Structure formats: C-alpha cells, structure tokens
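2 protein chains.
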Amino acid sequence: MEKINLARKFSLINDYWNPRIAGELNGQMVKLVKFKGPFVWHYHDNEDELFYVVKGRFDMEFRDKTVRVNAGEFIIVPRGVEHRPNAEKEVDVLLFEPATTLNTGNITNELTLETLKPI
Amino acid sequence: MEKINLARKFSLINDYWNPRIAGELNGQMVKLVKFKGPFVWHYHDNEDELFYVVKGRFDMEFRDKTVRVNAGEFIIVPRGVEHRPNAEKEVDVLLFEPATTLNTGNITNELTLETLKPI
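The listed protein sequences derive, respectively, from chains A and B. Under the working numbering, the residues of the first sequence are numbered 1 to 119, in order. Under the working numbering, the residues of the second sequence are numbered 120 to 238, in order.
Think of the hints as simulated: they come from the structure by calculation, not from any bench. Worth double-checking, as some hints may not be accurate.
[Claimed, not checked] Derived contacts from chain A toward chain B, CB cut-off under 7 Å, selection only:
1) Asn5
2) Leu25
3) Ile107
[Unchecked claim] Some, not all, of what chain B presents toward chain A, calculated at C-beta under 10 Å:
4) Val159
5) His161
6) Phe215
7) Pro217
8) Thr234
Please read all numbers here as calculations on a predicted model, not as lab measurements. Beta carbons are placed, not taken as given, at the ideal position from N, Cα and C, and that holds for glycine.
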C-alpha cells in the first residue's frame, strides 16, 4: 500500500493520448494521460468512463454539446455516448474506467493502444 | 453529462465521515467526504477502496505502518486489509469504490451509514 503522487507521475509522461496505469481496484483502472489537440470520435459499448482534470482544461465534445472541464472537475461519459476529448493546450487527466476499456472504443486507428504500461 | 466541480461540492459538506455520492459508473461510486479525527479500524471483505485527497492531508493507518496522504495523492486499500483513516485537521477526500461498500466495513457502530445521499 503505497501512495501515488499525481504531479510526480505526470512529470514522467512526455507524450499524448497514451494512458499509463497508476492503480487497479475492483476490476477498474486508474489511468494517467496527457491530452493535446483533438482525439477521435468514438464510444464504448460496455464501459462508462470518468475524466478528472488534474491540471489544465479540455473540452469534452458530444454530438449535441461541448463541456469545458477544468482542473478540479470531472465528467462521466456513459457507455454508448459518442464523444471526443479536445485540448487546446496540454492537459493532465486521470481516467477511471474498467480494465477492459480500449482507448478508441469502437474505432481502430493509429491512436488505438492494445496494451498499456504501468507508471 | 454534466461536469462536477469538486471544490463547489465540498463547500456544501458541513459534517465528517458522511460520504455523499457525486457520481456512479460501472457499478462503482464516486463519493465525497470530509474526514476529521480518527475513524474506526475496519476492513472490507469484498471491496478495494481508493482515497484521493483533494484538499488537506490525512494519515492512513495500517496495523504495521502509517501512510501520510497529501493533496494530489491517492492510496488504494485492498480488500481484507485493516485500516483506519486519521485526520489531524479537516481534509477533503474523494473515494472510488463499489456501490455496495459499507463505510465501516466489517464493523457496525454509530458511524455506520446504511444509505448515502447524492450531492
């Protein structure tokens, strides 16, 4: 039982859209990821996702609205809902989602990651 | 899909050891709670728990060691591990845990809460 310091972990991340595993509990994972720019539109058939902003801000785009998520705020995207994270500047984000979640959901492209590394 | 601002939610909480439900996903709950003083020693048979400090700090006491958890840090307590949160001063804590988790685990006393309210 060791604690995890988010700022320290994020200082080790030098790329974007590449979530690292920072913890696991109850079949769920805590992942740390930096966003920059727009991601790909996608949804998850079976997983709800939580996005918590540790530093910076990003826009969670839905087909019918956009929600600006700032540091100290989180948003939960329910399964089946199409979404696209879009960050004007670099943003540090904590994800909480099932271990089975594929980053690009129903889409497979050059951003898709089949395996994630711990941090 | 609305975002949740943690500072705003914590400003609505005026008591201790009384988690509020701030979100739900994949059968897990996001709970917000203020700690102050020592809690009760307990464990959870079937649930791992994550404690993330939003503001302040507290000590997570185990039978063989104590881990100081500061703002911006989290700790995961695996199922079956006896623990006692102890906060010298008021601290704002976000919990991730299964919806079924009873706050006092294997113990039932005056701190036990059978139902939680949303916030």
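Structure-based check of each hint:
Because the beta carbon of A/Asn5 sits about 5 Å from the nearest beta carbon in chain B, less than 7 Å, this interface hint is met. The interface hint given for A/Leu25 is met, as the beta carbon of that residue sits about 4 Å from the closest beta carbon of chain B, less than 7 Å. Evaluation of the A/Ile107 hint against chain B yields a violated restraint, the C-beta minimum of about 20 Å exceeding 7 Å. At its closest, the beta carbon of B/Val159 sits 18 Å from a beta carbon of chain A; the interface hint therefore is violated under the 10 Å criterion.
At its closest, the beta carbon of B/His161 sits 15 Å from a beta carbon of chain A; the interface hint therefore is violated under the 10 Å criterion. Because the smallest distance between the Cβ of B/Phe215 and any Cβ of chain A comes to about 6 Å, under 10 Å, the interface hint for this residue holds. The beta carbon of B/Pro217 comes within 6 Å of a beta carbon in chain A, closer than 10 Å, and the hint placing it at the interface holds. For the restraint placing B/Thr234 at the interface with chain A, the shortest Cβ-Cβ distance is roughly 21 Å, beyond the 10 Å limit, so the hint is violated.
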